[in-house]
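So the protein lines, in turn, are chains A and B.
So in my numbering, the last one in the first sequence is 245, and the numbering has no gaps at all.
So in my numbering, the last one in the second sequence is 201, and the numbering has no gaps at all.
Rather than coming from a laboratory, the hints here were simulated on the basis of the structure.
Keep in mind that this is a model prediction, so the values were computed, not measured.
Glycine included, C-beta positions come from ideal geometry on N, C-alpha and C.
Just to be clear, a hint being listed does not mean it is correct.
Computed from the model, here is a short list of chain B residues facing chain A with C-beta under 8 Å [to be verified]:
| id | residue |
| --- | --- |
| 1 | V2 |
| 2 | G5 |
| 3 | T7 |
| 4 | G8 |
| 5 | L32 |
| 6 | T80 |
| 7 | G185 |
| 8 | Y198 |
Below, a sample of chain B positions facing chain A; criterion: calculated Cβ distance under 7 Å [to be verified]:
| id | residue |
| --- | --- |
| 9 | M1 |
| 10 | T3 |
| 11 | R4 |
| 12 | F6 |
| 13 | R9 |
| 14 | G22 |
| 15 | V31 |
| 16 | A34 |
| 17 | G35 |
| 18 | P36 |
| 19 | T37 |
| 20 | T81 |
| 21 | R184 |
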Amino acid sequence: MTDADTGWQTARIAAIVPQTAEITSFFFTLERPFRHRAGQHVDLRLTAPDAYQAMRSYSIASAPDDGSTIELSIERIAIGEVSPFFHEVAAVGDDIELRGPLGGHFVWRPTDAGPLLLLGGGSGLVPLMAMLRQRRQQGVATPTLLLQASRSWDDVLYRDELLADAARPDGPLLRFALSRSAPLRPEDYGRRIDAAMLSEALALLPAPPAMSFICGSNGFVNTAADALVALGVPADTIRTERYGG
Amino acid sequence: MVTRGFTGRPRNTEPTDRIPPGQHLVDYFPVLSAGPTPHITPEKWRFTLKIGPRPVKTWTWDEFNALPMTKMVRDIHCVTTWSMLDSQWEGVLIDDILADAYIEPPTPFTLAHSFDGYSTNVPTADLVTGKAMVALKYAGKPLERDHGGPARLLVPHLYFWKSAKWINGLQFTERDEAGFWELRGYHIYGDPWREQRYTHD
Numbered sequence: 001m002t003d004a005d006t007g008w009q010t011a012r013i014a015a016i017v018p019q020t021a022e023i024t025s026f027f028f029t030l031e032r033p034f035r036h037r038a039g040q041h042v043d044l045r046l047t048a049p050d051a052y053q054a055m056r057s058y059s060i061a062s063a064p065d066d067g068s069t070i071e072l073s074i075e076r077i078a079i080g081e082v083s084p085f086f087h088e089v090a091a092v093g094d095d096i097e098l099r100g101p102l103g104g105h106f107v108w109r110p111t112d113a114g115p116l117l118l119l120g121g122g123s124g125l126v127p128l129m130a131m132l133r134q135r136r137q138q139g140v141a142t143p144t145l146l147l148q149a150s151r152s153w154d155d156v157l158y159r160d161e162l163l164a165d166a167a168r169p170d171g172p173l174l175r176f177a178l179s180r181s182a183p184l185r186p187e188d189y190g191r192r193i194d195a196a197m198l199s200e201a202l203a204l205l206p207a208p209p210a211m212s213f214i215c216g217s218n219g220f221v222n223t224a225a226d227a228l229v230a231l232g233v234p235a236d237t238i239r240t241e242r243y244g245g
Numbered sequence: 001m002v003t004r005g006f007t008g009r010p011r012n013t014e015p016t017d018r019i020p021p022g023q024h025l026v027d028y029f030p031v032l033s034a035g036p037t038p039h040i041t042p043e044k045w046r047f048t049l050k051i052g053p054r055p056v057k058t059w060t061w062d063e064f065n066a067l068p069m070t071k072m073v074r075d076i077h078c079v080t081t082w083s084m085l086d087s088q089w090e091g092v093l094i095d096d097i098l099a100d101a102y103i104e105p106p107t108p109f110t111l112a113h114s115f116d117g118y119s120t121n122v123p124t125a126d127l128v129t130g131k132a133m134v135a136l137k138y139a140g141k142p143l144e145r146d147h148g149g150p151a152r153l154l155v156p157h158l159y160f161w162k163s164a165k166w167i168n169g170l171q172f173t174e175r176d177e178a179g180f181w182e183l184r185g186y187h188i189y190g191d192p193w194r195e196q197r198y199t200h201d
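Same shape as in the complex, but just chain A (with noise of 0.2 Å):
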C-alpha cells in the first residue's frame, strides 16, 4: 500500500509561520515530490556532529497535491530532543532528512463514505487538516464535523482556517472545546470532551458517521473512543492516533 520510493531524501525548509504559542508549521521543499493521503505521517532525521541520529514521525498538514511542498505542525514539546530543535535552532534554508509518506491506516479519501467525523486534541488537528484541506480543495461534501478540543481560543492551531473553511456553503460544521477559556461563539464549549459533548456531535450529523477519525493525546483520543463506542458508533470505523509515544 505504501509507495515503494519511502526512502530517506533531503528536504528543505522553505518557510517558518508561527501558528500558536506552542506550535509552528515548517515547510518543507522535497527533492522527491511525492503525493501523500490525507492523515498520512513523514518521518524526520536529524544527525549530530557524533554521529548521533533522532528521528521522530510528524503527521502532514498540507492537503494531498503536486507533493513538492509539504506542511508540518511541530507542536514544542518542553522535555522533546526533536521539537525544541525545530522551534529554536531550525531556520529556512536548513536541509533535513525525510522518509514518506507513511502510514496506512489513518488516512481519509474523498470518495469515503460519509458522514465523517473528526476529533483533534491540540496538535491531533494536523492529519484532520490534511483531510479537511483536501475536502475543501477537490470540493467534496460528504456531512463533516470537526469537534476540536484546545487550551483556549488563542491555543486552537488553525483557527482562522477553520472559522473560514465552516463558513462556506459545504464547509464542515465545526465546534471548539476549550479547557481553559469561556467559549467565544455560543456554539462551543468551555470544558473538556466529554459523552455528553459527543452525543451533541452525533445529532448535528445527518446519520451517524460511517468513520471517525480521534488524534490527540492518549487520555484524549481513549474519552473521545471509549464515549463513542457507548453512543452506539461501531469500533471498527473508529479510527485513533495518539501522540506522545
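Knowing the structure of chain A, use the given hints to seat chain B on it.
Chain B only, in chain A's frame:
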C-alpha cells in the same frame, strides 16, 4: 548528513549497545493503538489455538491462568522510535501453550489475532524456545487495558507492533501472511537491530 545546529540530548549515560539504531530511551510506557481500546472482562475472555482454519484448543481465563507462569525482563523497541529497557513481564510461554495442547509447532508461520480485529504475523521460530509469551502482567501488576490487558503477545526482540495487544488467539499458517500493519506499509518481519520499520527496509 549532519544537521546544522543539532546536538541531541546528553547521552553519555545511555547504554548504547542496548538501543537499536534510530531509537531513543523513554522512562514511561507510551500507548499507541489504531482504534478504540476494547473492554474485555475475564468472563468473556477466550484464547484459541488454530492450525489454519481448524481450532485446536480454546482456554477460558481461569484455564489459561492455570498454565505455568514465566517471568521475563526484556528491552522493548517501538517502531515510533521509543525504547524501554528492563521491562518486567509475566505470562505463559508460547512453548507452554503448545505443550498444553499437546502439539509441536505445526507450521513455519503464525498470525496473532486480537479481540479488536488486529492481527500481526510472526515466524513460528520467533515465538518458541522461550522467545515469546502471552503476557498477563507488567511490572508485577495485571496488564492494564491501555497496554493490551487482560493479555497481550510479547515478542520482545521484534518491533513492538508484533506484540499484539488484546490477543485472543494464535493461528498457525503455512505461508507468511501479512497482518494489520504489515498490510499498511510496515515491515513483514520487523527486526529493530536491522531497522526493519517499513515495507522495503
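Structure-based check of all given hints:
1. The interface hint given for V2/B holds, since its Cβ lies 5 Å from the closest Cβ of chain A, which is under the 8 Å cut-off.
2. At about 4 Å, the closest approach between the beta carbon of G5/B and any beta carbon in chain A falls short of 8 Å, and the interface hint on this residue holds.
3. Against a cut-off of 8 Å between C-beta atoms, the interface hint on T7/B holds, since the closest Cβ of chain A lies about 5 Å away.
4. Interface restraint check for G8/B: the shortest CB-CB distance to chain A comes to about 5 Å, inside 8 Å, so the restraint holds.
5. This hint holds: L32/B has a C-beta 4 Å from the nearest C-beta of chain A, less than the 8 Å allowed.
6. Of the supplied interface hints, the one on T80/B holds, with its beta-carbon coming within about 5 Å of a beta-carbon of chain A, less than 8 Å.
7. About 3 Å separates the beta-carbon of G185/B from the nearest beta-carbon of chain A, less than 8 Å, and the hint is met.
8. A least Cβ separation of about 6 Å between Y198/B and chain A falls short of the 8 Å threshold, and the interface hint therefore holds.
9. Satisfaction of the interface hint for M1/B is found here, the shortest Cβ-Cβ separation to chain A being roughly 6 Å, below the 7 Å cut-off.
10. Given the 7 Å rule on beta carbons, the hint for T3/B holds: about 4 Å separates it from the nearest Cβ of chain A.
11. Because the closest C-beta pair between R4/B and chain A is about 6 Å apart, less than 7 Å, the hint holds.
12. At about 4 Å, the closest approach between the beta carbon of F6/B and any beta carbon in chain A falls short of 7 Å, and the interface hint on this residue holds.
13. For R9/B, the interface hint holds, since its Cβ comes within 7 Å of a Cβ in chain A; the closest pair sits about 5 Å apart.
14. Because the closest C-beta pair between G22/B and chain A is about 5 Å apart, less than 7 Å, the hint holds.
15. Proximity of V31/B to chain A holds as hinted, the smallest CB-CB distance being about 4 Å (cut-off 7 Å).
16. A cut of 7 Å between beta carbons decides the hint on A34/B: the least distance to chain A is about 5 Å, and the hint holds.
17. Of the supplied interface hints, the one on G35/B holds, with its beta-carbon coming within about 6 Å of a beta-carbon of chain A, less than 7 Å.
18. Against a cut-off of 7 Å between C-beta atoms, the interface hint on P36/B holds, since the closest Cβ of chain A lies about 4 Å away.
19. For T37/B, the interface hint holds, the least distance from its beta-carbon to any beta-carbon of chain A being 6 Å, beneath 7 Å.
20. Because the beta carbon of T81/B sits about 5 Å from the nearest beta carbon in chain A, less than 7 Å, this interface hint is met.
21. Because the closest C-beta pair between R184/B and chain A is about 3 Å apart, less than 7 Å, the hint holds.
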